[in-house]
Amino acid sequence: MAYEIKLEHRTARIELLNRAGNKVLLAVDDLKYDLDVVMVEKGVYSILYNGQSYNVELIEGESRKEYIVNTMTRSFVAEIIDAETKYLHNRLQGTEHKGENDISSPMPGKIVKIPVSVGETVTAGQTLIVVEAMKMQSEFKASADRIVKEILVNEGDTVNAHQIMMKVE
Amino acid sequence: MIRKVLIANRGEIAIRVMRSCRELGLVTVGVYSEADRKSMHVRYADEAYCIGPAPSRESYLNIDNIIDAAKKSGADAIHPGYGFLSENAAFSDRCKQEGIIFIGPSAHSIATMGDKITARLTMTKAGIPVVPGTTEKITDENMALEIAGMIGYPLMIKASAGGGGKGMRLVRDHNEMLPFFRTAKSEAMNAFGDDSVYIEKYIESPHHIEFQILADRQGHVIHLFERECSIQRRHQKVIEETPSPLMTPELRDEMGKFAIAAAKAVNYEGAGTIEFIVSDALEYYFLEMNTRLQVEHPITERVVGVDLVKEQINIANGLPLTLKQEELRQDGHSIQCRIYAEDPDQNFMPQPGLVTHITVPLGLGVRYDGYVYEGYEIPMHYDPLISKLITWGKTRPEAIARMRRALYEYKITGVKTNIKFLERIMDVPDFIDGKYNTHFIEKNNDRLFTPKSCGTECEDMAMIACFIDYLDKIEKVQPQKSSEGFSSTWKDFGRKKSVLRL
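Listed in order, the protein sequences are those of chains C and D. Going from the first sequence to our numbering is simple: count from 1 and add 20. Going from the second sequence to our numbering is simple: count from 1 and add 299.
By construction, these hints were calculated from the structure, which means they are not laboratory data.
Covered by chain D, according to a simulated footprint, are these stretches of chain C (three or more residues, beta-carbon under 8 Å):
id : stretch
1  : 25-32
2  : 48-57
3  : 64-70
4  : 79-85
5  : 90-100
6  : 122-133
Cβ coordinates follow ideal geometry from the N, Cα and C atoms, glycine included.
Just chain D, same shape as in the assembly:
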């Protein structure tokens, strides 16, 4: 049985995992790069070890150093969190070789799902709908044209090793096909060192909906319903919610069954997520599987009432799942907002820096997963995610109202954040009505990038605060000058006195 867990991560997720470990009575081991000595996860852990210099490649992605720390601390298991080494098949394998339990799936599952073409093939074999397109790598330009004709425009060219929108091209018609095919290939080569691309039908106004699954070693697989993740910027999720406003009970049941089948097709073990792309007409297709804990897992935890990290640890211990599919249900509605250190008005440019003041929202129905504190300097080496704000309500409108309230209370000064941008999203009619897809931010551009007015009186208050602050600042400087004058008089007096004494 696992007694001591090393968390091979940083930031909010490291703390989130340690919290569940603490509840289970497990000893926690943190690891940190030289840039993270003051980071909260180092302070929260029972033990902490430095694993190298600031760049991720030399620390959080350095397998040897992490294994060393695990041996030094006597940790019997490693939780990878998300990002970094969480979907690295070699790391999962290495842990196994070293006799350390990797809290996650096998190298085989990670590798199969990690390569998009292999994943598509595996899913097709298992009878799971995938987006119509090729199941092989395309290298020949004539073949690319022929296949494009068969699938029909618009279509997408995607990199096999892809992610983050790199090596991805939307092709609207025949004339664009060859130039875009070439640029996608060279971009994929630059980004991933592999120029394999494939072609997929383009789904207009797509929704991004994913299913959480849990699978134990005994072969039981359950799903914990869906998460709606269509609000994205630069192909990264910003707001997630569950249940999805698009979902019907029949569709949920059907997609859930396919999610379970997908996990079974790769002998999956642990917590994972099956991502689907869903059209307005409710046609759905397998997109990819994330073989790790997701950033947005808390909304599922809140609505289903399950601690996913504890489930991961139990599964890693070889215990069978105690949750039964037929007993699970969704209670109320939950929304998560991702708080990033970035400037929405400057194309979401990241904003590392010193946090001078922070007020965290609390109160009924609010969960806060973060790691930043007053006086902490957000380093420039890692992800700009500061925290996740999760609200719950009996109904969707209540969850939205609560999120609006929580965002209003949430104040971070010193670095720019997207808090006000998120507040504006809460007021967009499309969001309130639950009628949105992945084009949401683009479509509501005008509304989202126009700051709320604060009115003349509010502006006056802003100026008055500056005025008072500046006056007090000047006054503080002036008395010092005059006190210097005094002290020299005292000095003179002292000198005279000592002279007199002589």
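In isolation and in its complexed conformation, chain C is listed as follows:
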């Protein structure tokens, strides 16, 4: 069994060579690892390698193949790249900047203000929507000169993370 894994800007191929209980033998690219791997708590892995103790925490991302990985020193975004992912990546490159015209919020919040209306021409840097979460307001601005195509929320609405609030073109 082998998969390519993308960790931020680095991609490596991991192959499982042998597995018996906690004992795992695998190869990361050309480097072989003889490890003791155990999930100690939900999403938390303890890995022993050459007497070194590593703790790695995983949070599943938007799909089951995406993870946010926390090591003891830093946090990464990781993705499992299998045949399906590769196919999707190739297909997405074909379509033009998919999603770039959708304005969504990375965190849940409340719509404070929508200073634009449908059909309006906006210039790069102009504020399209203001979202408030935890007493802080964030302004979402147009990345380039655009036309507001559709507004999917109202002032006072609550939005979830990654919910599309507005479409521009």
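Dock chain D against the given chain C, drawing on the hints supplied.
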């Protein structure tokens, strides 16, 4: 005497106050908004009452609903915590009218200190140094220019009703004065509905140092030394410590006396904080008074050995202070880090969400004031503060080393936090040497926003964990499919059997 206390707050501070109440044998009453039904303070309290919908304005800031809850529960006192209604003069007054003890100062003290221009005037009269500047509201543009010339540049324009950096402008020279005067006024109008502004001399490389005071009804006032709060982002404190690395015994004594005089000037009662701005040359000026318990109060408690909430309750009961100024001393060194649900790499954008896993640091010299537990969803309606981590050491280096250790142990998954950012601060030479002012984060920007490397082997381990997790996830799905196959065979068998039986 107070028997039952309603805590008009949420989050870590509600729990912190309830802890002291419990030690004093007092019954605790929690209040919560509809978004906070699962919040820890509701579970910790002896009684809990819903006070309205999620937005603060309709719940934690709703005076009528809180008074109702107090009456329903028979609470004889209300502790406001910090934030929300803690510095609301009308609330203090209302409690008094309803015959409920407000654990805090009188409406008069709150109102005097709440308006910055009135506070400046009162302090000047009491002989306390304030930052050179105007003591009146400035409306006329010519007058603004004239005064600016007298004070000298650089200077600050500030909103009288201000706070949180709104309506505040740094003016470097004469040409900037009028445009900035106008924007500060309109910003103040938008933010506070009041466009009064005043002008102050700008202190280069300022330190933010505050003094904790306690005042009883009998008129005794003591100070519990200083807290250094210069490490700030967006005008909000991130790390506090005591004693301040900048302080000398003489300066401490002098500033402490002024802090006491400031409290006396407004007939203060309860726990309060006098904030000073201090220059590198150790010139100090009164900045403002916070008429409540501060977020950073635990470091004072740790070093002085006093439970400030218990003192607040005793004072509210009308008891005289038992602590004597000459008997107080600072034992060792204490540091507090504020853990926020926010992303330091995205301009500290708040990150509400579900906490999937949490490991809290423990061990010698560590105090943890928090309220978040596994499976708790941090709501988007309130402050992003998750917890406060407080360490103590015999010396400053020991307290720093302990904080570094505690931050290393502290793990929260599911939401992004500033834990790693705080860890990086612990390694900055300016911080280690205690040579920093309010420009610290800006000055050390490069260092603070570059993540620590975890090395190739550590990266490999991160990938391996994903790999193993993904393999197991796929395997879990596959046996289910095959077991469906089995069950249909059993079904067939069952059907055949019943047919045969017929």
